[in-house]
Amino acid sequence: MSWIARLRGMLRRERLDHDLDEELRSHLEMRAADNLAAGMSPEEARYEAQKRFGNTTLHKEDTRAVDILGWLDECSRDFRHALRMLQRSPGFTAVAVLTLALGIGANTAIFSVINSVLLHPLPYHDPDNLVMVWENNSQHPSPHNTVSPPNFLDWQSRNTVFSSMAFIFDGRDNLTGNGDPQEVVVQAVSINFFSLLGVDPLIGPGFTPENGQPGHANVVILSYGLWKERFAGDPAIVGKSILLNGRPQTVVGVAPQNFQWFIKDGSLTGAKPQMWSSFVFPQSFHDHKQIGRFMTVVARLHPGARHSQAQIQMNAIASRLEQEYPDFDGHWGVNVVPLRQQISGDLRPALLVLFGAVAFVLLIACANVSSLLLARAAGESRASC
Amino acid sequence: MFKPKNDLLQGTLALLVLKTLARGPLHGYGITIHIQMVSKDILRVEEGSLYPALHRMEQDGWVSAEWGISENHRRARYYRLTAKGRKQLGEEEKNWERLTQGVAHVLQFA
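Line by line, the protein sequences are chains P and W.
Residue numbers for the first sequence follow the numbering used here, beginning at 1 and rising by one.
Residue numbers for the second sequence follow the numbering used here, beginning at 1 and rising by one.
One or more of the hints may lead you astray.
Per the computed footprint, the stretches of chain W lying under chain P, defined by three or more beta-carbons under 8 Å from a beta-carbon of chain P, are [stated by the list, open to error]:
#	stretch
1	44 to 50
2	68 to 79
Straight-line C-alpha distance at most 27 Å; calculated BS3-like pairs for lysine-lysine [said to hold, decoys possible]:
#	chain 1	residue 1	chain 2	residue 2
3	P	K228	P	K272
4	W	K84	P	K60
5	P	K60	W	K94
6	W	K40	W	K19
7	P	K264	P	K240
8	W	K40	P	K51
The set of hints was computed from the structure by calculation and includes no laboratory data.
Think of the CB as a built atom: it goes at the ideal place given N, C-alpha and C, for glycine as much as any other residue.
Whole structure, please, built from the sequences with the hints as guidance.
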């Protein structure tokens with residue numbers, strides 16, 4: 001097929017240019033030699049040869065252009081021919097187009113879903129360095145077990161692989177003041193939660209280190225949705241007080257519109273948060289015998305540290321804790337899970353199966369169209385016999 | 001169907017080149033010399049425009065080309081007619097016949 005030759009021509013540009021140069025030069029030399037033999041002087045011979053040949057550069061360009069022009073020519077010819085054939089049998093064209101459209105459409109749809117679920121950017125700074133840190137127990141079924149505060153504190157003080165760690169636990173609270181009482185989903189978080197994620201509030205100062213002091217900890221950040229619904233998107237809400245379960249909390253910020261934090265594992269409410277409140281550990285939380293496992297933990301890896309290194313170090317820390325607190329931490333280990341995997345882990349296998357399925361649908365659509373074409377070709381040849 | 005002037009000349013050139021190569025492989029310069037000689041100097045191939053035409057014929061598979069050594073020991077690219085080219089030559093010759101017949105008829109009809 002000549003288009004292959006053309007394509008090859010266009011791809012082996014340099015060698016063909018060099019060859020063409022040589023060919024044209026040898027033509028000129030041969031004419032010059034003939035002129036010389038006919039009696040002209042060397043300068044005359046060469047001059048006449050060049051004059052007769054014409055503009056060498058132009059001819060080179062024209063020769064090169066043959067590839068593209070020829071290709072365009074062939075393409076447009078084939079295209080017009082195909083269009084004519086399709087117009088002649090509208091029914092067939094409709095069926096073929098529909099079949100292909102269904103196949104392609106399904107694939108596009110599923111890939112859009114995959115793109116937004118598995119591939120989309122998470123609304124946090126440098127999300128590939130974020131990991132969830134769970135406890136796990138060989139005797140308990142869940143690999144993502146919630147974490148106990150004293151363990152969290154030990155992890156925090158003993159690790160060298162995380163630049164920071166934060167905790168989250170959620171619950172439902174009664175929001176009163178500024179309107180009807182409303183039950184809201186609140187995530188209690190450590191002070192560094194937003195700064196660990198690298199998220200600045202939309203308005204307001206957000207959590208500051210002094211909110212970590214007892215007495216200054218009654219501060220909340222509203223979700224964008226709640227801010228719009230209940231507080232009419234009024235920026236004056238920052239600095240005002242609201243009542244959560246009867247206790248006054250100061251609003252110090254509103255989260256950005258695209259910000260969300262919802263990890264299904266370890267969520268007590270199973271619902272997306274509408275508010276984040278700062279939480280400071282009371283002294284009792286430091287005691288390994290008093291407090292159960294109810295928090296979820298997110299950590300940011302040191303730049304350059306990898307998830308596997310973190311897992312190894314946390315395993316070591318966990319086994320130390322096992323020895324130090326055999327009753328509480330016996331048989332308990334640590335499971336470090338990259339955030340992306342945590343979020344889309346459940347969906348991943350299902351989506352990949354779906355993707356495989358629609359890929360097959362497309363394959364079937366192509367096979368159908370091919371058989372239609374074959375059937376038509378066979379039908380035509382029989383008719384013309 | 002009225003063909004633009006360029007097309008007509010290009011078509012003729014292809015015919016002449018194919019017929020020339022039917023006698024055996026030649027390089028580009030040799031083709032111009034042959035046509036000039038055999039046509040008793042009536043037809044002079046515009047030398048530079050020979051090469052784009054040769055390239056096109058090569059792309060279309062009517063001729064194949066390879067490097068060789070010329071009579072005076074120079075490196076030259078030799079073109080040879082392919083089977084497809086031979087068939088194309090037959091087509092072009094037939095078309096030329098019809099064209100000249102047509103023109104002759106019109107001229108005779110005075």
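Hint check results:
Restraint check on the stretch 44 to 50 of chain W versus chain P: 4 residues with Cβ-Cβ distances below 8 Å, three needed, restraint holds. Given a C-beta distance limit of less than 8 Å, the hint that chain P covers the stretch 68 to 79 of chain W holds, as 6 residues qualify and 3 suffice. This hinted pair checks out: K228(P) and K272(P) have alpha carbons roughly 16 Å apart, not beyond 27 Å. The suggested pairing of K84(W) with K60(P) holds, with an alpha-carbon distance near 26 Å, which does not exceed 27 Å.
A hinted pair counts as satisfied when its Cα atoms are at most 27 Å apart, and K60(P) with K94(W) does not qualify at roughly 32 Å. Between the alpha carbons of K40(W) and K19(W) the distance comes to roughly 16 Å, so the proposed pair stays at or under 27 Å and holds. A hinted pair counts as satisfied when its Cα atoms are at most 27 Å apart, and K264(P) with K240(P) does not qualify at roughly 31 Å. Of the pairs offered as hints, the one joining K40(W) and K51(P) holds, with about 21 Å between alpha carbons and a cut-off of 27 Å not exceeded.
Hint violations for this structure: numbers 5 and 7, all remaining hints satisfied.
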